[in-house]
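Given the coordinates of chain S, work out where chain L should sit on it, guided by the hints.
2 protein chains.
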Amino acid sequence: MNSLLQEMGIAAKAAANSLRKASTKQKNEGLLAMEAALYAHQDAILTANANDIAAAEANGLPTPMIERLTLNPQRIKGMADSFKEIAQLPDPIGYVEEMTKSADGLMIGKQRVPLGVIGIIYESRPNVTADASALCFKSGNAVILRGGKEALESNKAIMTALQDGLMNAGFAKETLQLIPDPSRELASEFMKLNDYLDCLIPRGGAGLIQNVLKNATVPVIETGVGNCHLYIDKDAELEMATRILVNAKCSRPSVCNSIETLVVHEAVAETFLPVFAEALAPYKVELRGDAKTCSILPEAVPATEEDFAAEFSDFILAVKVISSYDEAIAHIQKYSTGHSEVIVTDHYQTAQNFLNDIDAAAVYINASSRFTDGGCFGFGGEIGISTQKLHARGPMGLKELTSYKYIIYGEGQIRS
Amino acid sequence: MNSLLQEMGIAAKAAANSLRKASTKQKNEGLLAMEAALYAHQDAILTANANDIAAAEANGLPTPMIERLTLNPQRIKGMADSFKEIAQLPDPIGYVEEMTKSADGLMIGKQRVPLGVIGIIYESRPNVTADASALCFKSGNAVILRGGKEALESNKAIMTALQDGLMNAGFAKETLQLIPDPSRELASEFMKLNDYLDCLIPRGGAGLIQNVLKNATVPVIETGVGNCHLYIDKDAELEMATRILVNAKCSRPSVCNSIETLVVHEAVAETFLPVFAEALAPYKVELRGDAKTCSILPEAVPATEEDFAAEFSDFILAVKVISSYDEAIAHIQKYSTGHSEVIVTDHYQTAQNFLNDIDAAAVYINASSRFTDGGCFGFGGEIGISTQKLHARGPMGLKELTSYKYIIYGEGQIRS
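For the protein sequence lines, the chains are S and L, in the order given.
Numbering-wise (UniProt numbering), the first sequence opens with residue 1 and increments by one.
Numbering-wise (UniProt numbering), the second sequence opens with residue 1 and increments by one.
Hints in this document: simulated from the structure, not taken from any laboratory.
All values derive from a computational prediction rather than experimental measurement.
Incorrect hints may have been included.
Copies of one chain are not kept apart here, so a pair can be met inside one copy or by any two copies together.
Here are the computed lysine to aspartate or glutamate pairs in the DMTMM-like style, where the Cα-Cα straight-line distance is at most 20 Å [what the hints assert, rightly or not]:
hint, residue 1, residue 2
1, 173, 266
2, 21, 326
3, 234, 411
4, 149, 67
5, 149, 57
6, 101, 373
7, 214, 189
8, 149, 270
9, 214, 81
10, 334, 195
11, 110, 98
12, 214, 185
Isolated chain S (complex conformation):
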């Protein structure tokens, strides 16, 4: 085992053992100390970030990537604010969800506890360094972060600030750690650090997530790939359908809860599609349709099989006209990544059927898929959106970063 990772793992485990027993009050003081430290270290963070940006520009990185890498006082305030906001959220740790008296007279309670040590692998977005730390810390978990190499200097400066805050509040600085070597070899070893990591959360694009799923032996929570569908039923209301379509596709196409495919019932296709096309026109949405769609909309280009499977994350929309509800369900089930699926309908039973028939993290009647978000769901924040079924599904807030243990109050019972 790599000695650096082992050392970090041992330190993280020890820190997790202390943090697990910290009171909510102590943890909130830690969060506020980190908030203050981010401001205190602002100049150092901005200097480090300028170095990262200069290197990225010299290496010819694409503009959107540089945009995501860039920090400024406003963005540092955003990071600091998240520590303050998370300090105000309720603490899931310690809560006993249920306590029953067993047939043997044992009092058996199910108590929320931290996961322990969480590993996070992410791309070159320095804000993740702060946001992930805040959520994991509040839920009582130590963290080892492995960020993208383009953001290394920024991440180091942010981590120095956070560790300063931790120590000011009396916590071990190893409660939060950043792997200082962004090599691929070390990342691969990190994914196999079963002795020290209780779980691993990849945050980023499909490539990163697939790489982690394939190589990790530590339990992984898969997040974020969303090929979301909007199904416009024959009993849909045109005005509502148009409003939801525009919101779900155009309000922020780069995020995973935006829709990628529009499925329209043929009974309304000829009336609705031209209205939809007109509503999408101001956003210059490229329409890739099946034969029926292309026959109705001259501006649509023919869709390929890949288009129906794609997460475009862009102003592109695949369009499919179907001839029955069942065909819509079959299409969605075939291509869904299990993130968010929406029906628009005024028919009560069709709406109920959709909720039952679709297996996804979030299934909507008459609302935009863009609501699949920890904030909108009332969690106060999120570490990502799980698209797997084990452990947590959908937006993952503080509670989803915990486990539980059974606490048992006996009176000398033995098993017969």
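The following block gives chain L in isolation, referenced to the frame of chain S:
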């Protein structure tokens, strides 16, 4: 991808899609039809089992293994009974744990749904074929089983019976499937069947579990390795301590919730250890102690470092004398596999501290670790005991074989 596994995976996914929507009544009818089918196929099952046993004897398999492989009418009744019992348990599927009205006016509910398709890898215990099938079926999951090669004929006969029962009750026979080829190569491919399996549960010894953890890319639930400790505090009552010790060590030493190490406070070691040794003597428990233990008990042999880490699953007990509560906690934390840990004490604060300080699936005050069991916890049955922190911890009953989805009733909302 192996074509047999792919075919089974496609069929399982289709079956899971139907089973997901089956009512509790329909599923219970299915369970009772499988109960009946096991009796109807009893002769075929016993004949197949006799062939497995003959082959096992010819190959010189150890007696305990042949014992676990052996079926008789009584054991078939045991399997059939479990279908009847599980039919009587409450169905977790469909239950909405919480439904809130969000800030945007969305009604957001968290509804229990099946995991989908569960893979189970196990050793040569034919009863697992039936028990695992019953639990997974009731919780709405399709199953693909991969049992040990020594039990192949028995497993095939049991599966034929179960599929007969399924069809009698109107379910697809692919709801439950057995991999008919028990080769290692196919097992390895099975662990990577991410397109079709929602999770993989290994049931068996440490070797099997480690192999699955190392090779699987499908999310795994780790079960069953238990190096459990019994800590006798300085404020323990001798009679209760002795009773719990004998029960926790000797009532069934082969199972994972038995204790392997006794940790005794030095303040009571000289008084208690001879009483303990006398109580364990009728069971011929081999004592492996540290220096202090050996100086008190002439019958103890010196323990090695490995002894304190071992899951003996036998009439062997490691014994450690410690000089403080903190030393006891440190010892347990170092060697614990996170299964079940027990303190015996009459001191209120020490008991509370133990609950807080120990991180394990089940933490007991004054009761035997042998209670860590789905039946004793009131779950009506269990698929195994999880020693990981993701998804489920401790005994896994029907609810732990489920996931959830968010169902959202909107009224045309879009995200601003």
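Each hint tested on the structure:
In the homo-oligomer, the alpha carbons of residue 173 and residue 266 never lie at most 20 Å apart, since the shortest distance is 61 Å inside one protomer and 35 Å across protomers. Taking the shortest alpha-carbon separations for residue 21 and residue 326, only the inter-copy value of 15 Å comes in at or below 20 Å, while the best intra-copy value is 52 Å. In this homomeric assembly, residue 234 and residue 411 come within 20 Å of each other (Cα to Cα) only across copies, at 17 Å, whereas the closest approach inside a single copy is 64 Å. For the homomeric pair residue 149 and residue 67, the shortest alpha-carbon distance inside one copy (15 Å) is at most 20 Å, but the shortest distance between copies (57 Å) is not.
Taking CA atoms no more than 20 Å apart as the test, residue 149 paired with residue 57 passes inside one copy only; the shortest distance there is 14 Å, against 59 Å between copies. When the C-alpha separation of residue 101 and residue 373 is checked against a cutoff of 20 Å, the pair qualifies only between copies, where the shortest distance is 15 Å, while the shortest distance within a copy is 37 Å. Taking identical chains as interchangeable, the C-alpha atoms of residue 214 and residue 189 lie at most 20 Å apart whether they share a chain (13 Å) or sit on different chains (13 Å). For the homomeric pair residue 149 and residue 270, neither the shortest alpha-carbon distance inside one copy (50 Å) nor that between copies (59 Å) is at most 20 Å.
Within a single copy, residue 214 and residue 81 get their C-alpha atoms no closer than 35 Å, and across copies no closer than 41 Å, so neither meets the 20 Å cut-off. Taking the shortest alpha-carbon separations for residue 334 and residue 195, only the inter-copy value of 12 Å comes in at or below 20 Å, while the best intra-copy value is 38 Å. Proximity of residue 110 and residue 98 under a CA criterion of 20 Å is satisfied in both settings, with 6 Å inside one chain copy and 18 Å between copies. With identical chains, the CA atoms of residue 214 and residue 185 are at most 20 Å apart both within one copy (15 Å) and between copies (18 Å).
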